[in-house]
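One letter stands for each residue in the lines below.
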Amino acid sequence: MIAVVALIVLLPFAAAAAGLLATRLGTRNLGPRAERVAYRRAAWFAIVPGGVSAALTVWLAASLAGGAGTSEGRFWSELLPGRVEGTLTVVETGSVPISLTLRDDGLSVLTGILVVVVALAVQVYSVGYMRDEPRYPSYSAFVSLFTSAMLLVVYAGDLIVLYAGWEIMGLCSYLLIGHWWEDRANSRAAVKAFLVTRLGDVGFLFGIFVLGTAAGGFRIDDVLRADIPQGTLIAATLLLLAGVAGKSAQVPLHTWLPDAMAGPTPISALIHAATMVAAGIFVVARLYPAFLAAPPTLDVLGVVAAVGMLGAALAALAQDDLKRVLAYSTISQLAYMGAALAAGSDLAAMFHLVSHGAFKALLFLCAGLVIHHVGSNLISHMGGLRRALPITFWTMTIGFAALAGLPPASGFFSKDAVLSAVEHGTGPAQPFVYASALLTVGVTGAYAARAWLRTFFGPARVEPLAEPPPGVAHVFDGREAPRSMLWPAGVLAVPALLLGLAGSAAGSAAGVKVEWGPAAVSLAVALLGAGIVYALWRSAPEQDPARLLGPFRVPCERAFYVDAAYAALVARPVLRLARAVVRTDARVVDGAVRGSGRATLGLSGLVRLAQNGNAQLYVTGLFAGLVLIAVAAVVLT
Amino acid sequence: MHVVYPVVISALLFSIGVYGVLARRNAILVLMSVELMLNAVNLNLVAFDVWLRDRLHGGQVLTLFVIVIAAAELGLGLAIVLAVFRTRRTVDVDRLRALAEVVRAPGSGRLDGEDAL
Amino acid sequence: MTSQAPGLWPPSGPEIVFLLLGAVAVGSALLVVTTRQLVHAALWLVVCFGALAGGYLVLTAEFVAWVQVLIYVGAVVVLLLFGIMLTRAPIGPSAGLDSGNRWAAALVAVATAAVLVTVVITGFRSAYAPLQPGQGAAEPLGASVFRTWVLPFEALSVLLLAALIGAIVLSRTDIRGRE
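Residue numbers (this note's numbering), protein chains in the order written: chain A, 200 to 836; chain B, 238 to 354; chain C, 546 to 724.
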């Protein structure tokens, strides 16, 4: 069984290696057809291993479902009770051993399914989306590598193995955001994402070290079973939280995610909506017993989530770029999961993680279709696309409904689970978190409605764009996108719509019921938010409903100036310091070097005055020295 | 005969020879000064030979040898001086500066490549 | 040797003669290195060498004294005069015979003199050599040269030959070095 798990992880890795090394093998003699051949080969390399991996994951889930139950009492252990763990080898490091362990249990398989399904959908979608892209082979190989890394995180049975996957994901994210690196802004965004997540990863790595040292081993089971003092645990989980905030784009470290939309849209769907950003939440769920034993960490997480969800939702309401709207909504939704975790319900968090993964990937793929058609990212360039893109319209409507939490879409159930978890939370910050969550539901409804209305209804505002700059998909003549792009969106629409029902069915089987009272309240709030936007839009369809924010609109659009604050507080002082260092280097260090050189030259010039070729002078010196030596010899002896 | 007398005179002669070697410009005068120094040494040798009553007469024989060598040296030295005079038209020691470093053009006292730093 | 030595003062007869000759030698040597006329310098050198030869006689080194007169006063000075003549030095006083190095040279020379005189006076204040005429006559010296010192003597002959050839090679303009 563990061999299957290893296969699931290694297949995409092999695909990545093949995609990087073999796509252009032997195509040199094909002339102009070489590009086509490489493209087709890369597509096969990308899709087939991903498909096999997905099939194996489903088989794994089925076999786990029939496994023996464990006593963990979580809903995935009810649903998928089996559990397998295998260790390849234990690396003796001299102090704390590292075990190369893979494990799969309900949590892993649940997340694994999300990853492979979304990754497969994205790979299929990319075949159409990146049709004219010369760097498609490396692109698809990186996507495969990313998938492999994420699966490694998901199936890791050892914290160091998990960290390896975690870092590879960061690398792939960097590579893929900067896919169109010709544009300076894109490579800047990639560097920003890399640096910001790296900042969190420092904390994450040290958190792992603290946990591993305290537990005497990095194996997750050992760590969770170990008897660690609470102070150590709080320190470790807080450090881990830094990494989680970086990867899952939570409040202090969230700024990279909106900029990461510079990457191709399928990448936004895969990495920055469905999977990589979920890794942070997944890790918290994986190490949840440790977090539960450290309540201050959970309180911090709750406050961070509360601030993040509302702020990001407000920012999403004011954005003009469709992908940035979705990016901020991702931050907001991830904050929901964080809030659920803070409230003590990893069940709700994972439920929302899976449903959000499905509907956010769907939304991004649909946004890609829209952008593909319009040739621009800006909502103000869209409008009235309902007739032009009927399939996109319907699938995206499902996505927005799920995002806003409207029944019967999946978001309704998962968000309700989160809200009820937050409501029942016992931490000191819970009332604040609950109020923020409820408000955010309303704002979410508002921005979902705004994006939906502005994109698909109202007057068409398509402007012919002559030559799209890199970073923007190419304009197509066709009305709808090619099939390979429509199919994944359509397939993802099914879980986005139905996953909630299935989840709640599974949840009720596990003894967790939908609480209809709070559900009705949140639905009413969401409808209220959507209704306000609808009313505003009705009164003036050509104007942006975001004007309801009034004077707050600009701060919201700028995401409350967090970027500017970071630039002022961090970037500029660092730059100034760097310049000072450069100046110091040039003036003091180089000056010392040059000065010593000049001083030596000057001194040697003085000495050289004696070296004037007059042999008599030399002999004078010789005799003077002799006399001195003689005097010294006489005096000293 | 006190040994001090010849030895002190020899020291004075030697110092005078040193002065001549160091201060005179004309190469022939320098050679003369060298002869003075050699004679000072000879006086020394003779005085010590007399004082020590060397049976082998090492001091006086060495004096003879020194005289011979001095003659040979002078012959060669004059030949060199004449050769120099033939090529340079001068025998002024302080104007024969071929030993000096090649003098660069004024203002180029900086090393090459320093500007690139 | 020094046990029954008389005191430094008053000097004995030979000592007075020797001191007078030494004064002449030192004085003429000073003139050699200070005179403004090249030819005069050579001539003062003759006086100096002659005085030294006298000194050798007083010191009972007769043979050395005659050799001194023969070779130095005779040959060497003549050679020097030829050198002066061949380099077309001006006859009569000429200003630039001393180089700019003069003061440093004087300093070094005075220092050398001070060191040497101090050292020899400290070292040989009480050394006394009784003079025995005939010690440095031609016979014992010749015997010594051709018995004990015959090997260095032969080596010197080779040296002289080499110097001779060298001087010829240097002087002749039609012999070129290997280019």
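Rather than coming from a laboratory, the hints here were simulated on the basis of the structure.
All figures in this text were calculated on a predicted structure; none of them were measured in a lab.
Backbone N, C-alpha and C fix where the C-beta goes; we use that ideal spot for every residue, glycine too.
Among these hints, one or two may not hold up.
Have a look at the derived ranges for each label pair, beta carbon to beta carbon [stated by the list, open to error]:
(1) A:V833 - B:R325: 37 to 47 Å
(2) C:W611 - A:L808: 21 to 31 Å
(3) A:L821 - B:L313: 16 to 26 Å
(4) A:V830 - C:W611: 51 to 61 Å
(5) C:G552 - B:R325: 50 to 60 Å
Some chain C residues well away from chain B (every beta-carbon gap over 10 Å; in silico) [claimed, not checked]:
(6) P559
(7) A674
(8) L709
(9) R721
Chain B regions said to be covered by chain C (calculated; three or more residues, Cβ under 8 Å) [unchecked claim]:
(10) 266-273
(11) 302-312
(12) 318-328
Each hint, compared with the structure:
The beta-carbon spacing between A:V833 and B:R325, approximately 42 Å, falls within the hinted interval of 37 to 47 Å. Distance hint for C:W611 and A:L808: a CB-CB separation of about 50 Å, inconsistent with the stated range 21 to 31 Å. About 21 Å separates the C-beta atoms of A:L821 and B:L313, a value consistent with the hinted range of 16 to 26 Å. Here the CB-CB span from A:V830 to C:W611 is close to 39 Å, at odds with the stated 51 to 61 Å.
A beta carbon spacing of about 56 Å between C:G552 and B:R325 agrees with the range 50 to 60 Å that was offered as a hint. Not every Cβ of chain B is farther than 10 Å from the Cβ of C:P559; the closest lies at roughly 6 Å, contradicting the non-interface assignment. With a minimum CB-CB distance of about 4 Å to chain B, C:A674 fails to clear the 10 Å threshold, and the non-interface call is violated. Not every CB of chain B is more than 10 Å from the CB of C:L709 (nearest about 7 Å), against its label as outside the interface.
Remark: the non-interface label on C:R721 is consistent with the geometry, its nearest Cβ contact in chain B lying 12 Å away (cut-off 10 Å). Only when three residues or more bring their CB closer than 8 Å to a CB of chain C does the claim for the segment 266-273 of chain B stand; here the count is 6, and the claim holds. A count of 10 residues in the segment 302-312 of chain B with a Cβ less than 8 Å from any Cβ of chain C is obtained; the coverage claim is therefore met, three being the minimum. Under the rule that three or more residues need a Cβ within less than 8 Å of chain C, the assignment of the segment 318-328 of chain B holds, with 6 such residues.
When the structure is compared with the earlier hints, violations turn up for hints 2, 4, 6, 7, 8 and for no others.
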